[in-house]
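Novice: Since the structure of chain G is provided, determine the placement of chain H on it from the hints.
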Amino acid sequence: MAKGIVIDIGKCTGCGYCELICSFIHHGEFNPLKSRIHSSVFIDKSMAIPVVCYQCEDPWCAKNCPAGAISIDKDPDGEVSVVTVHKDKCVGCKMCTLACPFGCIVVSDGYAEKCDLCGGDPQCVKVCRSGAIRFEEAHTNVAAKRKNVAERLLGSYQEE
Amino acid sequence: MWYGWTGNVLRVNLSQPLVTIEVLDRPSAENFIGGRGLGVKYLYDEIDPAVDALSPKNKLIFTTGPLTGTGAPGGSRYMVVSKGPLTDAIAESSAGGAFAMAIKYAGYDIIILEGKASTPVYLWINNDQVELRDASHLMGKTSTETEIAVIAETDPDAKVACIGPAGENLVLFASIMSDMGRAAGRSGVGAVMGSKNLKAIAIRGTNGVKVADNEAFLKAMMETYEAIDNEDTEHFHQHGTPSVLALVKEFGSLPTRNFQTGVNPQWGKLSGETLSTTIATRHKMGLACPACPVGCGRVTKVTNPEFAGEGVGPEYETIGLFGSSCETNDLDVVSKAGFICNEMGMDTISAGAVIACAMELYEKGYLPERDVGMPLNFGNSQAVIKLTEDMALRKGFGKVLADGSYRLAKRYGHPEFFMGSKKLDFASYDPRGLQGMGLGYATNSRGACHIRGEVHDLTLYSVQHWRVTIDHNVGPVDPHRWDDKPVLAADVQDWFCIIDSCGMCNFMFFLTLNEDHARALIEAATGIDMGGHKGLMKTGERIFNLEKLFNLKSGLTVRDDSLPKRMLEEPMPDGPAKGMVVHLAEMLPKYYSIRGWSPEGIPTPRKLQELSLE
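Protein sequence lines, in the order shown, are assigned to chains G and H.
Counting along the first sequence from 1, when you hit position 41 you're at 162 in my numbering, and nothing is skipped either side.
Counting along the second sequence from 1, when you hit position 57 you're at 1331 in my numbering, and nothing is skipped either side.
What the hints contain is simulated information worked out from the structure, not anything from laboratory work.
Take the hints with a grain of salt, since some may be wrong.
Covered by chain G, according to a simulated footprint, are these stretches of chain H (three or more residues, beta-carbon under 8 Å) [said to hold, decoys possible]:
#1 1332 to 1346
#2 1469 to 1482
#3 1497 to 1511
Part of the chain G face toward chain H, derived, beta carbon under 8 Å [unchecked claim]:
#4 C136
#5 L141
#6 H147
#7 F151
#8 A169
#9 I170
#10 V246
#11 R250
Derived lysine to any residue pairs resembling SDA-like cross-links, with alpha carbons at most 25 Å apart [stated by the list, open to error]:
#12 G:K155 x H:G1801
#13 G:K166 x H:D1431
#14 G:K155 x H:G1583
#15 G:K166 x H:E1888
#16 G:K166 x H:G1583
#17 H:K1493 x G:K166
#18 G:K166 x H:T1551
#19 H:K1484 x G:M168
#20 G:K166 x H:K1484
#21 H:K1493 x G:L154
#22 G:K132 x H:T1577
#23 G:K155 x H:T1577
#24 G:K155 x H:N1401
#25 H:K1484 x G:Q244
#26 G:K132 x H:F1510
#27 G:K132 x H:N1401
#28 H:K1484 x G:L154
#29 H:K1575 x G:M168
#30 G:K132 x H:K1484
#31 H:K1484 x G:D242
#32 G:K166 x H:T1577
#33 G:K166 x H:T1552
#34 H:K1493 x G:M168
#35 G:K247 x H:S1828
The C-beta atom is built at its ideal place from N, Cα and C for all residues, glycine as well.
With the rest of the complex left out, here is chain G (with noise of 0.2 Å):
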């Protein structure tokens, strides 16, 4: 199963070294509006989330590109699938930000931009100390959270 980013919602101190270290691999500066992946701080409850291309099995933003600029881009192995931007193509319609439910593509000096998981090596998740963001299968992930809930399960189930 491809490897995707996943988010551990719980875990993340809302420091955004994420956001400064996508805009500057990215943009060539540090500025969090930048950024492709957004870690949301709600401080008055002391969480942040972060927001992140979760690479759809069947994007929105590509089945509403008019140009066909944005397609499935698979590495030879099948471990990494990631929803891809071709730039040659590409107009700035817009069409995507409108179709992506989560709001994880936008149009910036031109051209649609999103997460491209740093061509199979996400640099966000390099510095997430936390571990809030991870870059592993996704059923990994979904496992442990039943594991955890078994867990839970268990410790509430008393024999007499």
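Specialist: Showing chain H alone in chain G's frame:
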């Protein structure tokens, strides 16, 4: 072309009112870097250090460093530089958080506030659109209330720094609060803001920060990040600064009963581990400052109805002063006192210290109960909470406490019970068990500060390889030895001048102590050559000496480089530091000589020439 720095200074004259944007002075930027250094340079050049700190002639300068707003780990600090009303010395109070980033993203390195508004105002900076707005409806509001109100009136993305009621009431140790729980705490910078009738500053910035050499910066940034990812910071990551308590206790330096002893048998009730397993919420951790892989901040919730509350903190110093020095030995009480200080906008160290000082005066019979209005024995938790609230509002006996412990002890005829230096209260370390801390307390520019020359950290964290100007290997630093401390103290003080000026958090460095990382980051960001290790340390020394010149001109003398009688003459009664006093008389002459200062602690003309400060 400016890299790292934005190259812009925002100057707001509150009296006129007039807003101007100036070009940052390039030689000053190169010689003083930013933050603390650049702040003291501008302040020294622009005000007479002898002015009354609460008069319109004093200025309040918010500064950032070239690394603020970048991905340098912990690169989210701002520094508030002014003349301190508590100390009558240079005041430099730092906080981390999104507010610091916003200053840079709005396009400024420095914000200079001068004069005094005729009515309460707040400053709204939306990139290059700057306006002063009426704040009369915000007066009396707590820091969180103010922040929420200002964000609602300006922009959801605005970042806010403000004062609470304590700043409005000119409590001499009032802080400036930002990002709902971060504090530029010490020396009373909040009172300076209050004296200017400035309730808050809101900033929205949408620009980025560019660096001179992207490739070199990324390399330095990742190397620093990896160096920080170690066991010591993991402790901070897991338990926050309260984890320090267990280390300090090992050296018998945990202040107890207003520093009457450094041994508190009940320390376990106050430790970081206890906090993590009791009142800490949100998976133990709070929100981190931007760009910080450590995230020392805590969020706690107290359910005990008597001290119920929820908020940011407490951090180690709050626990040390309110918990151990006041001998409440109860994290519920400490947290409640901390919440009050945050909401009212007060330094938790000085607030806890003034109560501990009052407790000792009371127990020894020098402070009558009729003055306080209640019994004030050590450990009286109800009194601690009541007096913390009252001092912020200058109500009842709180009016006396609001002027700090130096003035309190003097007022009741026993100045020797003030535990601090240069009228600034000691942080939560008894220097008798940590000689380097003693010398630091006595000589740090802003007074008895724990984060301006952290020689004690070499001991606490068993650092054996510190690049002292003379010798690289210091081996295990014995906290009870004093002969090796003058050279270490001078060197560490110069080094902290650099950290406090570059825009990064000193928590990135006292655990790893690698100045090469800082230099590589500063050079890659700004494109200037710091002149190797020697040049870097020379810059630090220049900053430290300029602070000294400011203090001398404001009227401080060699007598202010001192410690309370208790530290110098009363041996520690028990514990690992039993029998120790601070050997200041032995250390100080050697320290002055290493600094190139006269025996009166005045920089010699030759030293000033060497540092281009004449």
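Novice: Would the hint linking K155 (chain G) and T1577 (chain H) be met if the CA-CA limit is 25 Å?
Specialist: At roughly 42 Å apart (the allowed maximum being 25 Å), T1577 (chain H) and K155 (chain G) break the hint.
Novice: Between the alpha carbons of K1484 (chain H) and M168 (chain G), is the straight-line distance 25 Å or under?
Specialist: violated (29 Å)
Novice: For K132 (chain G) and T1577 (chain H), compute the direct alpha-carbon distance and say whether it is at most 25 Å.
Specialist: Measuring from Cα to Cα gives roughly 24 Å; hence the hint holds.
Novice: Checking one constraint from the list: CA of K1484 (chain H) to CA of L154 (chain G), max 25 Å. Satisfied?
Specialist: Within the cut-off at roughly 14 Å; holds.
Novice: Between the alpha carbons of K132 (chain G) and F1510 (chain H), is the straight-line distance 25 Å or under?
Specialist: Distance of about 16 Å is within 25 Å: holds.
Novice: Keeping to a limit of 25 Å between CA atoms, is the pair of K247 (chain G) and S1828 (chain H) held or broken?
Specialist: Roughly 49 Å between the alpha carbons, so the hint for K247 (chain G) and S1828 (chain H) is violated.
Novice: For the pair we were handed, K155 (chain G) and N1401 (chain H), check the Cα-Cα distance against 25 Å.
Specialist: Within the cut-off at roughly 16 Å; holds.
Novice: Would you mind confirming whether the straight-line C-alpha gap from K1484 (chain H) to Q244 (chain G) stays at or under 25 Å?
Specialist: holds (19 Å)
Novice: Given the hint that K1575 (chain H) pairs with M168 (chain G), does the C-alpha gap stay at or below 25 Å?
Specialist: Judged against 25 Å, a Cα distance of about 15 Å means the pair holds.
Novice: Minimum Cβ distance from I170 (chain G) to chain H below 8 Å?
Specialist: violated (12 Å)
Novice: With the threshold set at 25 Å, check whether the alpha-carbon distance from K166 (chain G) to G1583 (chain H) stays at or below it.
Specialist: Roughly 14 Å separates the two Cα atoms, so the pair holds.
Novice: Regarding the pair K166 (chain G) and T1551 (chain H), is the alpha-carbon distance no greater than 25 Å?
Specialist: holds (20 Å)
Violated hints, listed in ascending order, are 6, 9, 10, 14, 15, 17, 19, 20, 23, 27, 30, 34, 35; each of the other numbered hints is respected by the structure.
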